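Visitor: What follows is the residue order along each chain.
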Amino acid sequence: MVKLASEAEAAFSSFYEEMRDKGAQRLRAAAWAAFSEFGLPNRRIESWHYTDLKTALSRPAPLAAASHGALSLPRAHDSLRLVTLDGVFRPDLFDIARLPDGVAIQSLRDALAEGELHVMSALASADIGAQDSMLALNAALMQDGVVIQITSGARIDRAIELVTFTSAEAAQSTYTRALVMLGEGAQATLIETLGALTAAPAQDNSALLLRLAPNARVDLVTHVSGGVDQSIRVASLLAHLDADATINSFALTEGDGLNRRQIFARLDGEKASAVFNGATLGRGRLHADTTLIVDHVKPNGQSREVFRNILDDQSVGVFQGKVIVRPGAQKTDGVMQSKALLLSDQATMNNKPELEIFADDVQCGHGATCGRLDKDQLFYLGARGLPRREAEALLIEGFANEAMETLEDEQLKAFLSERVSAWLSRRINR
Amino acid sequence: MLEIRNLHVSVGDRKILQGLTLSVKAGEVAAIMGPNGTGKSTLSYVISGREGYDITEGEVLLDGENILALEPHERAAKGVFLAFQYPVEIPGVATMTFLKAAMNAQRRARGEEELATPDFMKRVKDAAASLGVSQDMLRRPLNSGFSGGEKKRMDILQMALLQPKLGILDETDSGLDIDALRVVADGVNALRAPERAFVVITHYQRLLEYIKPDTVHVMAKGRIQRSGGPELALELEKHGYQEYLAEEAA
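Those protein sequences? They're chains E and L, same order as listed.
Counting in our numbering, the first sequence runs from 1 upward without gaps.
Counting in our numbering, the second sequence runs from 1 upward without gaps.
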């Protein structure tokens, strides 16, 4: 076994000792070996250049041990809610009467105990994100979560909400993993809700794995909120798309602490189509990093990434996007755009869009901008009677809206717009 | 209604307005004509409160109150409306959201009740119909992807909804074809009223064939050089602005 250098890595080693025989031993062992080789990501690792996790995670909090509390989260949506609280899937918080036909659900713990081959191989997802040490750590230490299988052809009207929250009074670490597999032609709306109920500085490492069979479609909204300055959250999304599959996603990040959201997507069938949009509302000392890799493997794929970072106070935004077009992926159509709006002199944005194209007949573009509110627009709104702060709010809202244009679910759109308005009214009233 | 007295305005080291004096009564349509680069747009911006101008001397009175220290939105609430030469595009902001926010902000500032949605919708619908503003334009983000003519019509629609005391039209004819010009002029004429005044800034006499002014003022070198009736505009059309520029040089 590789000897781990730092105190932190020694702590992870003890976590691994605790988790290694809790199902999926071979998967955990391989992931642990990978993590041991990579170590905690430092700034010399290109994909982690703007987020110094090695320093932030120098003292890992104890592994979450129990989950008792209830969850009193306002319902954003008339959804089927599946709660993983303090690292444990809580069937008692789940209203089974709402379970639609065509959806099978089990806890990750049970799934690992059963060890069904196709579930285990989907959980391993060795083809994407294999080089990321935090994802490897997540696989090695996964405590619980949920596995959802949606039958071929099923169209699930009710949204399925995956709530992953912490409620402890003291600092703790959680490692959770959710897997959603959609059969051929299946369609579902997923809501991923990540946050904390308490002010304890949680260290959460979560992963959501999506596997879309041919012609399947997922609409996904992720909402990250809560936390305190010392919170650390790494949330990974792995999306694997077969032919004609579609993912249409949007993520809203707000709250406090260090947030890293990483997306690894592989468009592994012809005419697969992916939208990864997002907006960040930064205030205080929020550090919000979105790093994504969209890998086009087969021809005629399409991908869109539209990100808006709204950064106030001393908040820091990071966008690193890489679109890869493999040699066979002719006629790929890719557009990536990241814009940031700096609302204070101390706010920072780091933008790094990249294209790696190995096919000769593709249409790919990217753009990144960073600026302040436009004076001409502010004057125009002022001349129509809007006080300065209201005019700013309207422009900021409009800026965020540009990333939400692809959202189709009106209920979700309204929920997200409300979150943006709430953030803005706090800004107007302070 | 509008009294401008000895107004001096600079941008950086450049003196733009140099002792401009102008008086416009309620119910009056005053045309300001002048060559390019003489400070006509600066005048419209200074009245409506854009930042970036040093006002070194003089005052701008609206109904006897000096408005120069007020923010743009405060002037708007007091009834100043600027129809922009180039209305700005604001992507992401829905036109209807903006219209409602603007109307209600002004009503709040004047201590009036906010408009209920049905009342607001009816007002927009009525005004839009008479200005040829389509439902599609109202559904799009504000001015986004609009043609020059569409933007001008949207500005006049806002004026019709906000019912200002003083409307300032900055080169409203620029970029308009003859049909669009007629629609815009009809919109302005419909708003003419004894309690409302207009300042129509234009380079060409053409606009004044559609919006008949009561008074015409020739502006050159940062001040009003000559004032008269509508016949002055025709004279300018014939002889140009040379005379005023030459006088200055002498």
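These are computed hints drawn from the structure, not numbers from a lab.
Mixed in with the good hints, there may be bad ones.
To be verified - Where chain E lies over chain L, by a calculated footprint (3+ residues, C-beta under 8 Å):
1. 21-33
2. 97-108
Stated by the list, open to error - Ranges of calculated distance between the beta carbons of each label pair, as one might list FRET restraints:
3. E405/E with R110/L: 17 to 25 Å
4. D177/L with D361/E: 57 to 65 Å
5. K331/E with L115/L: 28 to 36 Å
6. S174/L with R388/E: 55 to 63 Å
7. R388/E with Q242/L: 42 to 50 Å
Just so you know, these numbers come straight off a predicted model, no measurement behind them.
Ideal Cβ placement from N, Cα and C applies to all residues, glycine included.
Visitor: Next step is simple, just say for each hint if it's right about the structure.
Guide: Evaluation of the provided hints:
no. : hint                           : in the structure
1   : 21-33                          : violated (count 0)
2   : 97-108                         : holds (count 7)
3   : E405/E with R110/L: 17 to 25 Å : violated (35 Å)
4   : D177/L with D361/E: 57 to 65 Å : violated (42 Å)
5   : K331/E with L115/L: 28 to 36 Å : violated (51 Å)
6   : S174/L with R388/E: 55 to 63 Å : violated (29 Å)
7   : R388/E with Q242/L: 42 to 50 Å : holds (44 Å)
Going through the hint list in order, the structure does not satisfy hints 1, 3, 4, 5, 6.
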